[in-house]
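In UniProt numbering, the protein residues as written are 1 to 474.
Think of the hints as simulated: they come from the structure by calculation, not from any bench.
Note that CB positions come from ideal geometry on N, CA and C, so glycine has one too.
Hints should not be assumed to be uniformly reliable.
[Unchecked claim] Here are the simulated DSS-like cross-link-like pairs (lysine-lysine), alpha carbons at most 25 Å apart as the crow flies: (1) Lys173 <-> Lys258; (2) Lys437 <-> Lys173; (3) Lys258 <-> Lys408; (4) Lys90 <-> Lys173; (5) Lys113 <-> Lys173.
[Claimed, not checked] Label-pair distances were calculated between CB atoms; the ranges are: (6) Gly216 <-> Pro106: 47 to 55 Å; (7) Val459 <-> Phe100: 30 to 38 Å; (8) Pro338 <-> Leu406: 38 to 46 Å; (9) Ile107 <-> Leu279: 28 to 36 Å; (10) Gly310 <-> Val249: 17 to 25 Å; (11) Thr287 <-> Thr234: 17 to 25 Å; (12) Gly214 <-> Thr342: 20 to 28 Å; (13) Ile400 <-> Ile312: 41 to 49 Å; (14) Ala423 <-> Ala444: 47 to 55 Å; (15) Pro106 <-> Pro338: 19 to 27 Å; (16) Val316 <-> Asp435: 18 to 26 Å; (17) Asp210 <-> Leu246: 25 to 33 Å; (18) Pro311 <-> Ala256: 47 to 55 Å; (19) Val103 <-> Asn374: 31 to 39 Å.
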Amino acid sequence: MSDDSANQHFRGQVRSWGTANKPNGREGDVNENSPLLSNGNHSGTHDSHIVNGDGGNKTLKFLFNSTQTPGTDSPNAAVRYSSHAWHVTKVSLLSNYVNFLLVMVPIGIVAGKLHWSPVAVFTINFFAIIPLAAVLSFATEQISMKLGEALGGLLNATFGNAVELIVSIVALKEGQIEVVQSSMLGSILSNLLLVMGMCFFFGGIVNMRDRVTGQGMEQSFASATAQTTCSLMTLSSASLVIPATLYSVLDKAESAEKEHSILVLSRGTAIILLLLYVLYLWFQLRTHPNLFDAETQHHHEEEVEEPIMGPIAAAVVLVVTTVLVAICADYLVESIDPIVETAHISKNFIGLILIPIVGNAAEHVTAVVVAIRNKMDLAMGVAIGSSIQIALLVTPFLVILGWAVLDKPMTLHFETFETVAFAFSVLVVTYTVQDGKSNYLEGAMLLGLYIIIALAFYVSPSDAIDRVLSVVQG
Numbered sequence: 001m002s003d004d005s006a007n008q009h010f011r012g013q014v015r016s017w018g019t020a021n022k023p024n025g026r027e028g029d030v031n032e033n034s035p036l037l038s039n040g041n042h043s044g045t046h047d048s049h050i051v052n053g054d055g056g057n058k059t060l061k062f063l064f065n066s067t068q069t070p071g072t073d074s075p076n077a078a079v080r081y082s083s084h085a086w087h088v089t090k091v092s093l094l095s096n097y098v099n100f101l102l103v104m105v106p107i108g109i110v111a112g113k114l115h116w117s118p119v120a121v122f123t124i125n126f127f128a129i130i131p132l133a134a135v136l137s138f139a140t141e142q143i144s145m146k147l148g149e150a151l152g153g154l155l156n157a158t159f160g161n162a163v164e165l166i167v168s169i170v171a172l173k174e175g176q177i178e179v180v181q182s183s184m185l186g187s188i189l190s191n192l193l194l195v196m197g198m199c200f201f202f203g204g205i206v207n208m209r210d211r212v213t214g215q216g217m218e219q220s221f222a223s224a225t226a227q228t229t230c231s232l233m234t235l236s237s238a239s240l241v242i243p244a245t246l247y248s249v250l251d252k253a254e255s256a257e258k259e260h261s262i263l264v265l266s267r268g269t270a271i272i273l274l275l276l277y278v279l280y281l282w283f284q285l286r287t288h289p290n291l292f293d294a295e296t297q298h299h300h301e302e303e304v305e306e307p308i309m310g311p312i313a314a315a316v317v318l319v320v321t322t323v324l325v326a327i328c329a330d331y332l333v334e335s336i337d338p339i340v341e342t343a344h345i346s347k348n349f350i351g352l353i354l355i356p357i358v359g360n361a362a363e364h365v366t367a368v369v370v371a372i373r374n375k376m377d378l379a380m381g382v383a384i385g386s387s388i389q390i391a392l393l394v395t396p397f398l399v400i401l402g403w404a405v406l407d408k409p410m411t412l413h414f415e416t417f418e419t420v421a422f423a424f425s426v427l428v429v430t431y432t433v434q435d436g437k438s439n440y441l442e443g444a445m446l447l448g449l450y451i452i453i454a455l456a457f458y459v460s461p462s463d464a465i466d467r468v469l470s471v472v473q474g
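Just need the whole structure built from these sequences, with the hints factored in.
In structure tokens form, the structure reads like this:
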């Protein structure tokens with residue numbers, strides 16, 4: 001395999017099954033980084049004629065062409081730098097269909113600064129973070145294309161769930177441990193049940209019958225890969241069940257002794273999970289990449305994807321977007337307590353259902369789109385890959401961060417209902433994917449389980465879990 005082919009093969013691995021969680025960007029595929037407008041490379045199309053036709057309209061090219069911007073090669077330094085700045089801005093804005101919501105970012109910051117009503121602050125910043133997550137994902141992808149295998153994989157693994165991580169760090173800093181735990185669990189459940197369920201359901205409906213025979217058919221994916229990742233999810237489930245069991249065993253012990261025991265167990269388990277995640281990345285990217293790239297096995301001749309933004313420009317976009325996410329997340333978290341008091345919505349529901357939506361909305365839609373196109377390996381990569389990151393990387397990291405930096409008693413002792421819901425969800429998903437086939441009935445089952453869990457969290461009062469956490473926190 002040539003160096004170029006190896007690099008492209010690696011990028012295909014990075015975008016699926018637990019690192020970048022994004023489908024490959026081959027021509028004709030739809031993904032969350034697909035430009036909204038034609039880039040002018042497809043001759044004969046109406047958009048290409050308008051933008052790049054003979055004597056083309058420079059205004060349209062300046063505003064909407066994602067590959068060229070007039071003035072970037074101007075001898076005038078001011079014009080050149082201004083054109084480069086606009087080109088980077090334009091490419092970022094046109095990188096995703098949800099970016100029209102970026103107008104909510106300044107409004108959300110103003111709402112937080114001027115202390116608007118908690119419902120308004122939460123809602124506006126909620127919708128502001130959704131496009132910021134898409135831009136963050138786009139910038140990360142652009143940088144990783146230029147960093148090579150090791151650094152590119154590390155960057156994708158780090159920023160794969162950056163929004164969830166930022167929101168959780170802000171919440172942990174504010175002492176909202178209940179929200180952090182619920183959001184981590186909610187991110188996993190939304191990927192395993194909601195996203196995978198929608199992929200199975202809509203993919204199964206559209207691809208219900210064989211076009212030749214007219215008989216009912218099922219979609220297929222790499223069952224070996226799915227079972228490997230589900231085994232890791234079972235391990236992460238055990239990492240939550242064991243602290244809950246220990247808590248029950250120590251029921252008659254003093255509160256201080258309970259707290260110390262749970263903290264020691266959680267921190268030790270977090271370190272082990274992080275080491276296992278590093279080993280998993282090595283297994284996936286170095287020693288057994290063939291197991292995690294079923295799509296590439298069927299498409300050896302693949303167009304090499306080139307970045308449309310320089311690494312320095314992408315790094316600037318990454319930094320600016322991260323700062324904006326942190327600001328919006330801060331206002332969003334600050335408004336949670338007032339919303340719980342006024343809107344009568346439990347923290348559990350906010351953490352489990354609402355917060356996970358903001359980080360992966362664009363990728364969730366992408367997973368459903370590729371499932372409808374019968375590319376189930378890519379869809380599974382988005383759903384299961386993100387779950388692995390949350391369970392083995394983000395959650396343990398937050399435990400270590402609370403211990404070593406923030407001095408917050410973040411543990412892996414989740415409330416009993418949360419632990420049971422997670423364990424049963426992993427069990428159901430494992431049985432569902434073990435045969436390597438899916439249909440709309442299995443999708444409906446996963447969606448039904450997710451709705452049942454969501455309803456249970458909606459009706460559960462916050463103080464029920466607050467009482468448990470107060471004992472652990474001392």
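Against the structure, the hints come out as follows:
Taken as a hint, the Lys173 and Lys258 pair is honoured in the structure, with Cα atoms around 23 Å apart against an allowance of 25 Å. With a CA separation close to 43 Å, the supplied pair Lys437 and Lys173 exceeds the 25 Å bound. About 16 Å separates the Cα atoms of Lys258 and Lys408, which keeps this hinted pair within 25 Å; it holds. For the given pair, Lys90 sits about 35 Å from Lys173 by alpha-carbon distance, which is inconsistent with the 25 Å threshold.
For the proposed pair Lys113 and Lys173, the alpha carbon gap of about 19 Å is at most 25 Å, so the pair holds. Taken as a hint, the range 47 to 55 Å holds for the pair Gly216 and Pro106, whose Cβ atoms sit roughly 51 Å apart. Restraint check, Val459 to Phe100: a C-beta distance of roughly 35 Å satisfies the suggested window 30 to 38 Å. Our hint of 38 to 46 Å for Pro338 and Leu406 is violated, since their Cβ atoms are close to 23 Å apart.
The beta-carbon spacing between Ile107 and Leu279, approximately 44 Å, falls outside the hinted interval of 28 to 36 Å. About 57 Å separates the C-beta atoms of Gly310 and Val249, a value inconsistent with the hinted range of 17 to 25 Å. Judged by the Cβ atoms, the range 17 to 25 Å given for Thr287 and Thr234 holds: they are separated by roughly 22 Å. Between Gly214 and Thr342 the C-beta distance comes to about 56 Å, which lies outside the given range of 20 to 28 Å.
In this structure the supplied range 41 to 49 Å is violated for Ile400 paired with Ile312, their Cβ-Cβ distance being about 31 Å. Ala423 and Ala444 have their C-beta atoms about 22 Å apart, which leaves the hinted 47 to 55 Å range violated. Between Pro106 and Pro338 the CB atoms are about 22 Å apart, so this pair conforms to the stated range of 19 to 27 Å. In this structure, Val316 and Asp435 break the distance hint of 18 to 26 Å, their C-beta atoms being roughly 47 Å apart.
Checked against the hint of 25 to 33 Å, the pair Asp210 and Leu246 fails, with Cβ atoms roughly 52 Å apart. Remark: the range hint 47 to 55 Å for Pro311 to Ala256 is upheld by a beta-carbon distance near 51 Å. Taking the beta carbon of each, Val103 and Asn374 are about 35 Å apart, inside 31 to 39 Å as hinted.
Hints 2, 4, 8, 9, 10, 12, 13, 14, 16 and 17, counting from the list given before, are not met by this structure.
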